Amino acid sequence: MDNETPGEARKARWLTYVIAFGITTIIFGTALYVSNYFNDVRAAEIRAAQDNISIDILSIETQFDLLAEQSCRDISESSVLSTELRSIAERLSYLESQTGVNVEELTSLKRYYSLLQIKDLLLMQRVSEKCRLNPVFILYFYSNEGDCEACEDQGDILTELSRSYPQLRVYSFDYNLSVSPLRTLININNIEKDLPALVIKEEVYYGFRSVDDIKQILPELATLQMATSTRAATGTKAR
Amino acid sequence: MAEAGTFITLGLLFLAFYFEVFLLVSFLERQFGLRTAAPAKKPVVFPKVAIVVPCFNEERTVGKSLLSLLALAYPKEKLEILVIDDGSTDDTYETALRYTNDPRVRVFRKENGGKHTALNFALARTDAELIGCLDADSMVDQHALERIASGFENPRVAAVTPGIHVDAPRTLIQHLQYVEYRLSVFNRYAFAGLGSIFITPGPFSIFRASAIRDIGGWRHGHSTEDMELGLRLQSAGWTITNDPLATVYTKTPESLRTLIRQRVRWSYGFLKNVFDYRHMIGNPKYGNLGLIILPAALVSFGAGLYFAGRFFFYLIRSAADTTSHYLATGIEPWQSFDPLFALNTSFLWITVYATVAMTVVLISLGTYLSTGKRYPPVATPLFLALYSFIVPLWLGIALVRAVLNTGVRWR
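Those sequence lines, one after another, are chains A and B. Position 185 (the first sequence) corresponds to 181 in our numbering; numbering is contiguous. Remember, our numbering sits 1 above the position in the second sequence when you count from 1.
Isolated chain A, as found in the complex (with noise of 0.2 Å):
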């Protein structure tokens, strides 16, 4: 029960709204500080996966300068795009989704993304052509700017194939992304802006393209191994 004089409760405290305000800009604060930390961690780990990524690209292409054709088998065996690219694939499709992320940092991180797999789909290729394999690869171009409705069910669709198929190739590129040896690539390729763009042994197909289309179009994702498990390898969700 209050014991204070008449009107006195009501009568504004000034300090109180003051302090009030304090703390909720104090806690505001803290949120957006903390909502940054999270997202600088999930940059940090990006970073981190790619640079081992980086030492495995490495790696390999020194082995394979170092040892001579009967090594062959060790090398296609071992997965050149490693499990742990496909899945930067997905936290910087999450970090792209997010307001207040770093953009230099996502773009940076991204550029350096797309080079990985350029150096990886080289190094296929060269292993492909000493040690007379048959790779299975997609080259896939997209667009986030608003202008490929399509580009979102497509880069599902790839996902779930490389999901099906952990030895498919899935390599997804952003078409606006500066990045020199991806505007070359795609010269090379001679790729339009008419995205959703697959390049399929060598043959570019525009338009949304199906799990039933890509079967066709790629007869040998039949030999290739089904995954065991659905969750076998983290597929490539480009948008």
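I should point out that these hints are in silico values taken from the structure, not numbers from a laboratory. Treat the hints with care, since some could be wrong.
What the hints assert, rightly or not - Covered stretches of chain B, going by a simulated chain A footprint (3 or more residues, C-beta under 8 Å): (1) 26 to 32; (2) 189 to 203; (3) 282 to 291; (4) 351 to 363.
None of the values given here were measured: they were computed from a predicted structure. Where is the CB? At the ideal position from N, CA and C, for every residue including glycine.
Since chain A is already given, all that's left is putting chain B on it; use the hints.
Using the frame of chain A, we list chain B on its own:
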């Protein structure tokens, strides 16, 4: 567009959180500062009290309410109970008459005219210093009245409100209200500390009879006479206090349908009465009530609707996206669901988590203030998860009806 929406959402969350922090800071200042809330003591002099039980077709519940009133620990000669049968068509009158062998009970019958007419009818027929009301669906703790009566030693106090609890919750909807009432206990106590209670709830709010006569008795108040009276007392400069340990149990709606009907009436009455007393909003003359409590109540009304609108907009859009995605790709949505990504750590969501956590703190304080228990009710998580989705239902209906001026009925 999306950016503007995020901005508005953050702004509203900031205001909601600010209001919760403000209440908590005021509460703590009151608990630990100079403005110590003295424990209620027995009044030195027991003032004469008239308790009105307005009834309309309450033959099943009126007896229980009367028994709880007769059990009150209060001097017999200082207590009278006036049952006002407001034109019931059932046996309410006859049921109430059975209790007249106790000299404290008087029973009257009048033509139906609404709750405020029954209260004024009783006000005209008593010389008691204090007058209160107990709805026929509520019961009081035996020490409630002596606690409340001691609050009137301050001559500027026109009303003392109790701590209201849900009586024997059974259905899910009642359990949700059980938690909500604990939050209300805290809010009412905090508002009292700020001199800003603007609702004197039907169940067992007690008034200084002379104050009520001075300001002209009860009015219809858009079917929420308890809010209209609270605002009118505040407008006239009277003080309204609260004793959370003066315990009252009330029957609450069992189903969503009856709850919505009750709350549409409350929300409609809120909008209409606040409009009638709009001169108080933002007016420093009315202190905390004008500067923060009423504005915050209005903002939370709008925010409730805005958040719900935004949520359902995104829900529908995401459902449509998922469906079209499934139709295009044939991939079931749950295949690409990753629980690690589900914990969203964006700024917006962290502030939502903080607001929810603060609400839990306030519910716990309400529980502590009214029961002495240190933990919130077990249904608290359900309340937090579900209530914000059902509140907008009545806010929306009430807003439409208030704009169209349709009026609302008691039942």
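To see whether the hints hold, each was checked on the structure:
1. 26 to 32: holds (count 3)
2. 189 to 203: holds (count 5)
3. 282 to 291: Held - the stretch 282 to 291 of chain B has 5 residues with a Cβ nearer than 8 Å to chain A, which meets the minimum of three.
4. 351 to 363: holds (count 3)
Of the numbered hints stated above, none is contradicted by the structure.
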